[in-house]
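**Q** Each chain, written out:
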Amino acid sequence: MAYNPGHWFNSAKFFDIEYQTYGWVFPEPMKRNQHFNWKHDDDTKCITIEYDTESHRFLGINTFGIRMKHETFDRWLTEKRDLEYVIAHIDEANFDPELYKLYENDIQLEFKKQSQPVTL
Amino acid sequence: MSHKLNYSMSLAKPDALGISVTQKFAVGIGIAGLFILILALLNTDFQNQSWFLTLALGLISVGTIIFSNSLYLNKSKGIKNDGVYFKSISSRGIIGWAIGVVLTLFYIVLYFYPATLGLGKTGESNTGLIALFDPLSYVLSGRPASQWFVYGTLYTVAILIFGYKFMLKYRHNRYEQIRTGSVMFFQLAFAFLIPEIMYRLNSKIPYYDLKSIWPLNYYNFERYRINQFIDAGDIGLALLIFGIVSIFVITPILTYKYGKRWYCSWVCGCGALAETVGDPFRQLSDKSQAAWKLERWFVHLVLVFVVVMTTAVIYSYLGKDSSKYWLTRDVFLILVASFLSLIFTLTMIFKHHELGKDARYGAIGFFVVVIAFIGLHYFSSDTKLFLVKSETLRTSYGFLIGSIFSGVIGTGFYPIFGSRVWCRFGCPMAAILGFQQRMFSKFRITTNGGQCISCGNCSTYCEMGIDVRAYAQKGENIIRSSCVGCGICSAVCPRGVLKLENNNLKGRINPNEILLGNDVNLMDLVNEK
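Protein chains in written order, with the working numbering: chain R, 1 to 120; chain F, 1001 to 1529.
Check each hint, because a few of them may be wrong.
Said to hold, decoys possible - Listed next, the in silico EDC-like pairs over lysine to aspartate or glutamate satisfying Cα-Cα at most 20 Å (straight line):
(1) Lys1077/F with Glu79/R
(2) Lys1077/F with Asp96/R
(3) Lys69/R with Glu1501/F
Treat the hints as calculated values from the structure; they're not laboratory data.
Construct all of the structure, not just a fragment, from the sequences and the given hints.
**A** Have a look at this one:
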């Protein structure tokens, strides 16, 4: 049986902050790609999504301080979902323990703010 | 965070685990408080008892609070279990062993020789340690303290101050914070204050901790209790009905919705002590398969024991004449037997495929109980049940299970066997809730795809001795009757793999879940052999 890795994923814990990654997110976006970034005011939670500038196809996500579901992102990567879909459904991927404060709304608001065309 | 240079360069024990100056100071304060209690035990005649009691409990509390603050507040939020296997107290070292012995002796004295603690014989006033608690008892209920009042007060103080420590330790985790707030509240209000206040309002009401449910309070339906309830009028009757409703109605509904954790790690007093005071010992629970087998035999045998014992005790005081009162001995036996048969039949019809070999043990257990009832019917006289006296059955349960198991072994052995020995091996309430959690509940712990790195933190810190990692590695949901839902496995996981959830019954058990992260299905390889 040939080795056939699925979509890239990993996780770690740095100084009490949990990190997870699904798909590919590079320090600087690759050519023809862009980043969407959201960071919480307390500097312990953030997400970075890499996506294709043209098609808006979702390519990968980095999360700090928020747990996400492997299964959901694996599926979305296979289904080649776009950035808008992922942001709109990001609450489905949350894996934080019960009773935790959730930040999906903040992320979605931030996304709305960033994606609005600047009007003069 | 410590920036101290690591001179030894040892990976196994990088730092000497000394304590800071503040911590030494805090230990001094706490021990001073404890010393006052020891002086009281030695019959020291304190002129102003209420002042010394306040001082003792105050010093113990302040010491613990200062110590906890110094231990956690100067470090970043997050799991801080550093060095648990190097510290003598939490790794069965000399301090752990000594504390285990002292606690065990304390429980033996508390249960069997309360006069040693200073309990006054009937009519006489208290002396020693118990007398020290008289002022507080008078304030709350207007009567002198008993050994149980002393124990209750110390128990509550311990849960409150160590609950504070627990909250600091897990202050990054909202589930743990709220859960600990809940156990602290239920202990303080339901177990400690409300029964005393109820006594003040109506002295005929028997002591009733509303959150203690049969079979945990195995004595609840004994003759003297029933008489007390009835004598106390409407409120007594209400309490009696509440006692029945809480096990037959409230418990199944809440366990269906949330799993047994609604009780074991959110409400129960034994659970409260295990989760707060017992937290440093949770890694000592035995994870071996042998322990798991022993656990299932023990906990279910205790359940069978308590069911037969309670039925026999109620049977022994019921009448025979149905014209006087509808609930006669025979009606009662038939009711109990049909209720058990109903549960047994339903389980066998709907859940037989999930049970495997355990179904046979269950069936044997069931028939033993039913035959015991039939025997009860044919071979009992007014005082004797089968060949034993009903009183003997009751007292031996009270002695073996109520005192030795739940108190002496359950709590005394914290530093040796971990914090949940009683909950895991002995508690009949946990057996009922666990059966329901396994068979009919929305609760499960889900795992997160292929993220598990097999570090084993989850299994290590599982106080119920569940090998959580074995499930997480395979991407299986964890559905175990013993799981009390404390949430620590999820908290200590460095990779965010575990999550406690209530969800649909469908797909709850997924024994052959595909391992994510490799499109070669490893489970196929495993199953191929």
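**Q** Now tell me, hint by hint, if it's right for this structure.
**A** Outcome of the hint check:
{"no.": "1", "hint": "Lys1077/F with Glu79/R", "verdict": "37 Å, violated"}
{"no.": "2", "hint": "Lys1077/F with Asp96/R", "verdict": "16 Å, holds"}
{"no.": "3", "hint": "Lys69/R with Glu1501/F", "verdict": "13 Å, holds"}
Checked against the numbered hints listed earlier, the structure breaks hint 1 alone; every other hint is satisfied.
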